[in-house]
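One-letter residues, chain by chain:
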Amino acid sequence: MNDPQTTEFGTEPQRPPPPFAGGIRMRTVRWMALALAVGGLVLLHRAARHRELPFVGAADLTPSMQFAPVRARGILDQPARIHRRDGEVNVISFGLRENGEIIHAVAFGETARILARNESLSQPGGSLQITGVVQFSPRYGPQIHIRLPEHVEWTEPVSRELPP
Amino acid sequence: MDGTGVAGVAAVTSAIPFITILGVILAGTVVSAVASCIPGFHVYNLMGFMVLGVLHLEAAGIVLAPEFILSGAVAMIVTFAVVNSLPAILLSAPDESAVFTVLPGQQYLMCGRGWEAVMLTACGSLGAAALLAPAALWLLPAHLPRWHRILQPHAHWVLWVVMVFMLMSEWPRGGTRGPGGWRRLLDGWKSTGAGLLTFAMAGGFGFILLYRAPVPAERAFQNLMPAFVGLFAAPGLLVNILAANRPPRQSIPDRLDVTPAILLTGILGGGLGGGMAAYFPGITGGVGGFLAGHAGAQRDERIFLISQGASKAVYYAGALLLFVVPGVYLTRSGAWLIRGLADPLPRNDVALVTATILVSVTSAFVLTDALARLIVPRLHRLDYRRLSIGALALMVAMVAAMTGGAGLLIMITGTGIGLIPVLHGARRMNCLAVLLLPLACNMSGFGPRIAALLGLV
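Line order of the protein sequences matches chains G and L. The first sequence stops at residue 164 when you use the working numbering, and every number in between is there. The second sequence stops at residue 1457 when you use the working numbering, and every number in between is there.
Simulated from the structure, these hints should not be mistaken for laboratory data. Mixed in with the good hints, there may be bad ones.
[Said to hold, decoys possible] Pairwise CB distance ranges (calculated):
1. Trp1147(L) <-> Ala59(G): 49 to 59 Å
2. Gly1327(L) <-> Gly141(G): 17 to 27 Å
3. Val1164(L) <-> Pro79(G): 36 to 46 Å
[Said to hold, decoys possible] On the chain G side, residues computed to face chain L include the following (Cβ under 10 Å):
4. Ala33
5. Ala59
6. Leu121
7. Ser122
[Claimed, not checked] Chain G is nowhere near these chain L residues, computed Cβ spacing over 12 Å in every case:
8. Trp1182
9. Gly1204
10. Arg1246
11. Val1359
12. Gly1405
For glycine and all other residues, C-beta sits at the position ideal for the given N, C-alpha and C.
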């Protein structure tokens, strides 16, 4: 590799020897970095996929849980509120009551449009389980942002009795 | 306009003594300035621990006034933006917003002009803050809500365009010698390929972290911290440990070799890029400065360094201003750390944040000069290897304390990805795909579907 090479373009200048890094060949370090990146991503992906998301109640949510993927369950408190922009559903929000406390859930865009078509969300009393990400602000308090319509699951049909 | 500025400060100080607020700002500035000298350190890491401290105090019944939290946090972040040039240039450990200052900065350093490079960058930050202040008090509250309504629906494609530009600017560097053929083609595409690979891996990494980061739920607000330590801090420190280069003896001239025209060009270019980075999610000050540098076709290294300083200051300070501008209340960059603790009160906070930015940038500029004069003469005797080992140990301890074993796994993965561009001569900016790619997909509406395909939701 380090010998001068004669080609049809002439003799190539001799390349400098590959740099060493504390006695380790740089090529080895490069392969180690790549192995670390690929191996780490595979492990992380496995850890993330097999992670059981925690169930939370309204009292558990603190600002340090911002961005935490969580699950929550409860009874639909009131009919879901639907916000429209230019006549199209933009945001849907509803509250889940559990143990006297309410967790607010919200979905945007396409997810909100699909959820708005679900008539069950307009009838309070049904038991729901949601999966989403915690978003916290002092103004609106803690909310769970639902990313996909499949993340709203009905665990029980609408009960005859409305929640207190 | 209803007399926002001075009236706003007066309203705050009528409730809390002015001297107390000033004390908080100066304390935040000094703490951040000292911590920012640590290679690889990012102020958001320290602020994560402070957020936990505030929450513990609240749990114990001690509630801090939002003005304290806001002014202290703004002072720390803005000071970091200025003082961070010291380790980025002198100790070769840039954060994600300073990765571009390293090349010209190191050229200055290797010519014995490290102090000049640091101070040119600091001048950019100071000048940009001076221009940002009137904009914050009069321009942004009056016009930003309207601009935001226009720009917001277009933000997703702007991110895609930025990413395309980043990738297209990775130009093949090798393959210029020898006969044509596969070997020459591969040689030519080596660094470009490394850049593309870094981008793809960082993007996948970002999807995992944004959708299902395996960190404990009660520490989720810091789920990107180990990734950023791994992607940006650790590779630089590792290269320092392995290579252990020492800069030559440095000199400190009586004055900076810069004209007002160069200063203004750098500040305006960097300010434009920093403003763009502050507004659009996922774009950092470094990328903003890079875009502004290309747009302005800056060739002078002094303009480049000044523009990077300006871009960093506007990016960090601007993101905090957008958080408090009435009618906008955008959460960008460091505002995510404050969001859970302090409600952006209209009017008063714009004045408070602007005043804090001005006081802390000026103090940070003075501190940068003092610290640079302290460090620079000793630089050629400094043991970079030991310093980097110590800094790396500190980073590992911080990640472990904040996010546990899962955080360490994230950091190690990030280090592997972050080392690829460093070792193959590609741009480290590609690591920013960790945020850009998932955010652009989310804003375009198909992020959750991709995450579902990856089995993450």
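**Message:** Output the indices of the hints that this structure fails to meet, ascending.
**Reply:** Hint check: 1, 5, 6, 7, 9, 12 fail, others pass.
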